[in-house]
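In the order they appear, the protein sequences are chains A and L.
So this note's numbering is basically just the index in the first sequence, starting at one, shifted up by 223.
So this note's numbering is basically just the index in the second sequence, starting at one, shifted up by 1115.
FYI, nobody ran anything at the bench for these hints, they're computed from the structure.
Keep in mind the model is a prediction, meaning the values are calculated, not measured.
Where hints are given, some of them may not hold.
Said to hold, decoys possible - A short, non-exhaustive set of chain L residues, derived as facing chain A with CB atoms under 8 Å: (1) 1118; (2) 1122; (3) 1196; (4) 1218; (5) 1226; (6) 1229; (7) 1348; (8) 1349.
Cβ atoms here follow ideal geometry from the backbone N, Cα and C, with glycine treated the same way.
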Amino acid sequence: MKRSWKVWLCLIPLTLLVLGFLLFPTLNMVISSFQTDDGRFTLTHYQELFTDAYYLQSISNSLKISLLSATVAIVIAVIGGYSISQLAERSNKWMTTISNMTSYFEGIPLAFSFIVLLGNNGLFTLLFNQLGLDVFGNFDLYSWVGLVVVYIYFQIPFAIILLLPTYQAINNEWRYASNLLGGTGWTFWRKVGIPLLFPGVIGTYTILIANALGAFATANALVGSTYNLMPIQIASLISGDVFLQPNLASAFGVLLAFIMIAALWLNSKIMKKVRRDLR
Amino acid sequence: MKGTKWHIIVSVVLAIYLVLPLVGTLLYSLAGEWSTTILPKSWTFEWYIQLFQDDRFFQALGRTVFVIAVAVILSIAVILLATITIVLYFPKWEGALKTIALLPYSVPGVALAVGLINLYANDVVNIAGTPWILFGIYAIIIMPFVYQGIRNSLYTINARDMIQAAELLGASKLQAVITVVLPNMKKGIFSAAFLAISMLFGEFALANLLVGGRFETLQIYLYQQLSKNGHLTSAIVICYYTIIVWITLFLLYLQSPKRQKQTRAIKQEMPISAMQNANLEGE
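Just chain A, with the same shape it has in the complex:
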């Protein structure tokens, strides 16, 4: 049919774009992770990842910072998000705007802002020094603790904007209904509020973990290659100053993508289970 080939033509641009910049690169990464430098099949790259203490450390560091920052952020976002949802309309709008805006504060600009706030000559560092308080005596922004502080910061507004729609679903009418039927505040939360919130919280938590796992710019700007994280390892294997190991980098990339997919898959499993329980 004449018409149908024209219709098919409309799908070509997307096909080309997806093949050229998503599927082929991903396939290439998977294949080259199983190849030696001269193109033969090998498993040594994966072996290296899971035996070399340095690489293992980067994997565990990445998992640790993701879990830690996601956990702290989700707790703050659950509390903060609830308070925001209970505000009057005007202030609610303000808080939504602030959360939305600050959720884009990340990467290099954010790392710099934290240097201004908490770095060696930072605003707070100076302030507390002058006041004679030794709060930051042991605090070093360019370390694990500093990195965690910045990760938590960029996860919070992101978590809040993801959670707000869930809170909107728990409208006050349901609470009145629960009260009318003789429920206490606690019954409301146990029977209505928490079951409704749970899927949203779990979903947001998974996204936060994935978000932190893939984050590169913030860590790169703040601690550079001195701190051992998966994205930083990958970057230095494909563009570092020492010597490049694209095949090992591919194996690393596959592993990182695998962890992220596993997290998202687990999320969808939990979602399905929770929903069945709800029904």
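We have chain A already, so just place chain L on it with the hints.
Below, chain L alone, put in the same frame as chain A:
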């Protein structure tokens, strides 16, 4: 209500915490000398004046705007074309399209860079180090957002019925799409575009790994300035935040009147929980 005061306190503390980096950087960018005292010894606009006389800054900003504009337009055009075609002619494939469109979520940017360098930095094709590779990969990483924006707005306006109505009145499918469907989707497309712009504005990993100093974007420029004069860098960061703030404000403005209409329209079709889930998967 007894809890109200408590909610206000939590919100205020949260708001202060969230704007601290912005306020701190702003103070620092306006400070003269500030290294030992609690507040700076003097205030000055010097850093902004210096920055605005720096051609490198404007060139970097120009490159960023250029790359983002091309990538966003490319992504929207390609996805719009494919989505409308599939909704009209291959409704069975919608699931497949959704899967493909959401795929970029699961592959982190740094990992994608590995495959891209292997593919596009060799003797046959060598576009690494040029903006070309950024056009393509940026169009891909914003795809989940662009796709969801376009799909939602197609469903909100009931594109299929609209086209049928237009056909009944004698228009061809193409005419119906151009004169009826697209104008009605304008708002949805704009919100998707601005969401994509604000995402790409902060993108550093791919720009740095694939192109680096050979095509200095704003993020790369900022990265180069990190180790230099702190006040000047603050001024750059403030300019960056200002742009982000304006884009977000505009985005929220675009979404606010429409949001109510849209939720009302969708509510009839699917339960709230499904909507939230779709929403979550989309972020």
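Hint-by-hint comparison with the structure:
no.: 1; hint: 1118; verdict: 7 Å, holds
no.: 2; hint: 1122; verdict: 4 Å, holds
no.: 3; hint: 1196; verdict: 5 Å, holds
no.: 4; hint: 1218; verdict: 6 Å, holds
no.: 5; hint: 1226; verdict: 3 Å, holds
no.: 6; hint: 1229; verdict: 4 Å, holds
no.: 7; hint: 1348; verdict: 6 Å, holds
no.: 8; hint: 1349; verdict: 6 Å, holds
Of the hints listed earlier, there is not a single one the structure fails to meet.
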